[in-house]
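Listed here are the chains, written in short residue letters.
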Amino acid sequence: MTDALATQPTILPMRSPEVVMDLKRLGSMHQTRLSFMRALMRRVMSQQWQFTPVLVELDDQGFGTVIYRIEANENTYSFVAFADYLADEDRNDRVIADKWDVTMALCIGDVSADQLADMRTNVPKQEAGRCRSNTIVLSRGNKSSRNFNYVVDELAAGRQPSMQYLANVGYLYRTTAVYGSGKFGMADWAKVSSQCAEFAHPFAAEMLCCYMLRHFSVQQAEHLARIKSPDTAVPMQDEVKRYLGIGNSTGLGMAPYLIRHPQLISQWVLTRERAIATVVQQGEVNPASVHKFQAIMAKAAQHFAETTVPDPVQVARNKCLQKELVEIQSWIKKWNCDAASWSQLTQHLAENCSLETQELINSVLLEVFPDLVDACEQYGCVDENHQLSAEMSRAELKQLIETRYGWALDIDFSNHDCNHYFWYRSEEKMEPRLGERFAEPGADKEMPLTIARLVRQCYDCLLADMEELDEAEPVAYFLLRHPGMASIVKRIQTMSQECYGDIRANLADKEMLPLDLLRCKLSFFGVSKFDPKSKLWVRNTMFQGAPILSDIGKPFADDWYFPVAGEPGAT
Amino acid sequence: MKASQTELLTLFKQAFEGIGFDAGRYESAADMVVWAEMHGLDVFARLPAKLDRLSESSAPLIEKPSSAGGDLMFDAGDKSALACGELICNAVFASAVNRGICSATISRIYDRQLMTKKIVDCCARGAHCLSYWQDADEPGLVHAITSDAGAQYPQISSYQCQAEVEPQALYLVCAMDPEGTREYALAHCSFINKNPLKRIEPNELSAAFQQSLSNGIEITDTLWDRLRCMANNVLVESTEQSRKGAGA
Chain S
30 MTDALATQPT ILPMRSPEVV MDLKRLGSMH QTRLSFMRAL MRRVMSQQWQ FTPVLVELDD
90 QGFGTVIYRI EANENTYSFV AFADYLADED RNDRVIADKW DVTMALCIGD VSADQLADMR
150 TNVPKQEAGR CRSNTIVLSR GNKSSRNFNY VVDELAAGRQ PSMQYLANVG YLYRTTAVYG
210 SGKFGMADWA KVSSQCAEFA HPFAAEMLCC YMLRHFSVQQ AEHLARIKSP DTAVPMQDEV
270 KRYLGIGNST GLGMAPYLIR HPQLISQWVL TRERAIATVV QQGEVNPASV HKFQAIMAKA
330 AQHFAETTVP DPVQVARNKC LQKELVEIQS WIKKWNCDAA SWSQLTQHLA ENCSLETQEL
390 INSVLLEVFP DLVDACEQYG CVDENHQLSA EMSRAELKQL IETRYGWALD IDFSNHDCNH
450 YFWYRSEEKM EPRLGERFAE PGADKEMPLT IARLVRQCYD CLLADMEELD EAEPVAYFLL
510 RHPGMASIVK RIQTMSQECY GDIRANLADK EMLPLDLLRC KLSFFGVSKF DPKSKLWVRN
570 TMFQGAPILS DIGKPFADDW YFPVAGEPGA T
Chain U
81 MKASQTELLT LFKQAFEGIG FDAGRYESAA DMVVWAEMHG LDVFARLPAK LDRLSESSAP
141 LIEKPSSAGG DLMFDAGDKS ALACGELICN AVFASAVNRG ICSATISRIY DRQLMTKKIV
201 DCCARGAHCL SYWQDADEPG LVHAITSDAG AQYPQISSYQ CQAEVEPQAL YLVCAMDPEG
261 TREYALAHCS FINKNPLKRI EPNELSAAFQ QSLSNGIEIT DTLWDRLRCM ANNVLVESTE
321 QSRKGAGA
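These protein sequence lines map, in sequence, to chains S and U. So the first sequence is numbered by this note's numbering: it starts at 30 and just counts up by one. So the second sequence is numbered by this note's numbering: it starts at 81 and just counts up by one.
There could be a bad hint or two in this list.
[What the hints assert, rightly or not] Here are the computed distance ranges between Cβ atoms for each label pair: (1) S:S141 x U:P282: 52 to 62 angstroms; (2) S:E456 x U:T302: 41 to 51 angstroms; (3) U:W304 x S:T150: 44 to 54 angstroms; (4) U:S294 x S:D446: 49 to 59 angstroms; (5) S:A142 x U:S294: 15 to 25 angstroms; (6) S:A493 x U:D151: 23 to 33 angstroms.
The set of hints was computed from the structure by calculation and includes no laboratory data. This structure is a prediction, so every number in the text was calculated from the model and none was measured. Virtual Cβ for every residue (Gly too), placed ideally from N, Cα, C.
Chain U on its own, in the form it takes in the complex:
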């Protein structure tokens, strides 16, 4: 079936609220998933497994990051970016505003690709961003997101290389000056100057979004029903008394 952006955002918010996310997190998690799907990143297909994991654990409380050699170190505690991605991005961005640049390592974080929307938000607020990670089931393949301040869409690339990347970690750099991310890339991510195996350009993301907006977003009945089931947890049983609370 096809659904609209508004209806998916509403459903995802209620579904995430239904599994215990608080107000800030269910809004941000819904935003991350729907943005990725509307921009052609095909996350709905892999979502059931992510929802299983989310349903089984409570949202993490991210401790104030430790600092190592100027880098911020976060430990997401084997949790999804949906539960903590925005909080971490905001902390890195705030540090970048104060210092000019901030690099962070976020350990033990799942669903790293879904961070894309929050990285785009940092760019909208004036930061130049670089992020990369490696998936455990794809050794030798590094995924990177790069975007300049003010850009509406990032460039998403995948590189074949043997970079020294901590498994299940996501590296995020925010700089208030474009030289900041360039210098960081030169020092730490030489793969960025190589030819990527695959690249999604900003115009492709934009086209996918327009397509989704115009024609609706495909979602399987199974996923839809699952989300509705999660969302039902926020609904209150209807009784004669409650009907009076609607003017009956």
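With the rest of the complex left out, here is chain S:
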């Protein structure tokens, strides 16, 4: 009996797509140890990547060029940054800006003098410039002027910046766009994933570029402090450096990606869900694991207590989260470890807590059992080709839609509110924007991102054809009559092979919050401190608490989640 049980495959208690792919839930997710930044830092630390400054030419105002040579596990890369003058009135986080405090690129191999000259011309132009095919990331950032000037002044005066001050805004620079995957002449993802093993992981190169900006921001601040007051200036202490992250502003440009890459999203979500299910099923409940859980919860609570944002909705969400964390800590204290299970906790959360708290606890749970979780980190390369199953009958396709896309068929698109928005590309840098269909021009150029409506249209076409044609007819023949349906049919057929991937929401609905899409993707990146500036864009912090370059080679606990403000000099 025991042997028979032992040979049975383990069935993980995975959450259903209906639960997980709900946009409100996706918009409540937090970073986890599987997030891309965390995974990158594990590789950097365990493989002991070497970062060497090969050119640091900054003038008395901090302007100039910096190049770092990065010897990663198998390959060498160069991080190149150009710091330039930017008038305060020109500092703009929007995509449509055309000047920045710093522009930068990450390249394969060393950068020759010829390429550097070429980059000096093109990188500061960003979208208007061209990159060579050995460039894998192009990005830019702006100073958080108040913070930057404060830190320079403090260091120049021989003092460390106050951690409490930095708790409000924990960075000196914000990135405003990070481009990769073949944009502006850069290397395609197919090249990066096949030739750069270190970056054959989702957004790994982009994350490293942001990490290097974090390093540069401190380097530039220290440089300016020395210029300002050579006699009194002090370097920044490592504790402060670690607490400084890099800011990020993210707008609608990130949203279409989530819709256009459903197989990739499915893989990301599946990886996360598999890890949660593994922990819930296999994570042992004992005094040590419960103690660790409580300690991480306490750190998370402090992190959110220190998160100050002006947005009243986010403030309310954070307050609710803190209140519920206290309640859960009390509830857990009553646990009898011999009889308790983590599934009891998740059940309790589902019945009693907000989505924000449920997802935060999932993140905490993953930290309690790193050995179980890190084995789940399998972000292999996904073949994103949507191939048509041409021979499938129309009847089968209809059945597939009814089975897999019932959520889409439930939406009443004859209701104006369900068609309120349309997504389009603006002539300004092709920026994705959201328009009000019944009030603004441009709906005739709508981007096909409202998957639910496309599914509905396809389904209606199938029904209409059913009345007069043989339902066994192959889909390929259906498409000869309805060529405009080819794209959505391929998607439906492809996604029927995936567990997750399609976000279950009507992206044209009046109540839809684009912010939820942004937060979902940002949580996979691993950012913290969501600071919504409207329902269309959000500021956040990357790499806050992460190891600094001088930590490489030292013991690494991988516990830089939910960073909290300590005091300089404290251990």
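Guided by the hints, dock chain U onto chain S, whose structure is given.
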């Protein structure tokens, strides 16, 4: 200038969308052009003339094919394979799955060489394929694409022969068994057993692709600007109101 695969695919999709292709067709047309160029088939040089023709006419609606002696007959209506190639390939493939083999004649179709990518896709799905055609300006020269199921790259050959080939037509055979295409070739394409005038082997296509991927794809400023101009049709004018739709 050099461009990446991703950026060319995006630009071509928007350009084809800009001249009125619907979602299924602009994706497939972009795929066909960029695949051919990346694999060394040198289509960019001849693309301006093709774009002229595409811009002047709407995409055809392919009627359900007629059947003659077991063959499917399509009429592309003097339109480009970019507008209808994938739809037709899919229909032929679906019929082959149902019957074991399907041969089709696609009349009045332009840009036949660009069908190569869609034929490769049929092979990826498990079909053995054979396709051939003759260009009007090269009488006596027959071009053929052959590829087995699962093959990533086909063999592309040109034969000097006087085959009975309908001008401006493309012949396509999909079979689920390799014997299917062999028997068809024996019966209808004796030229395939002759020495070709020119042949592009799968390894040459593969090498060209790797070269394109590593170094980027050359595109003239003129063609780039033309595509950008076509793509501009999908963009919406920026106004103060629209800036609010981006969070301003």
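For each hint, the structure was consulted:
Between S141 (chain S) and P282 (chain U) the beta carbon distance is about 35 angstroms. The supplied range of 52 to 62 angstroms is therefore violated. Here the CB-CB span from E456 (chain S) to T302 (chain U) is close to 22 angstroms, at odds with the stated 41 to 51 angstroms. For the hinted restraint 44 to 54 angstroms between W304 (chain U) and T150 (chain S), the CB-CB distance of approximately 19 angstroms leaves it violated. A hinted range of 49 to 59 angstroms for the beta carbons of S294 (chain U) and D446 (chain S) is consistent with their spacing of about 50 angstroms.
Separated by about 22 angstroms at the C-beta atoms, A142 (chain S) and S294 (chain U) satisfy the suggested range of 15 to 25 angstroms. About 30 angstroms separates the C-beta atoms of A493 (chain S) and D151 (chain U), a value consistent with the hinted range of 23 to 33 angstroms.
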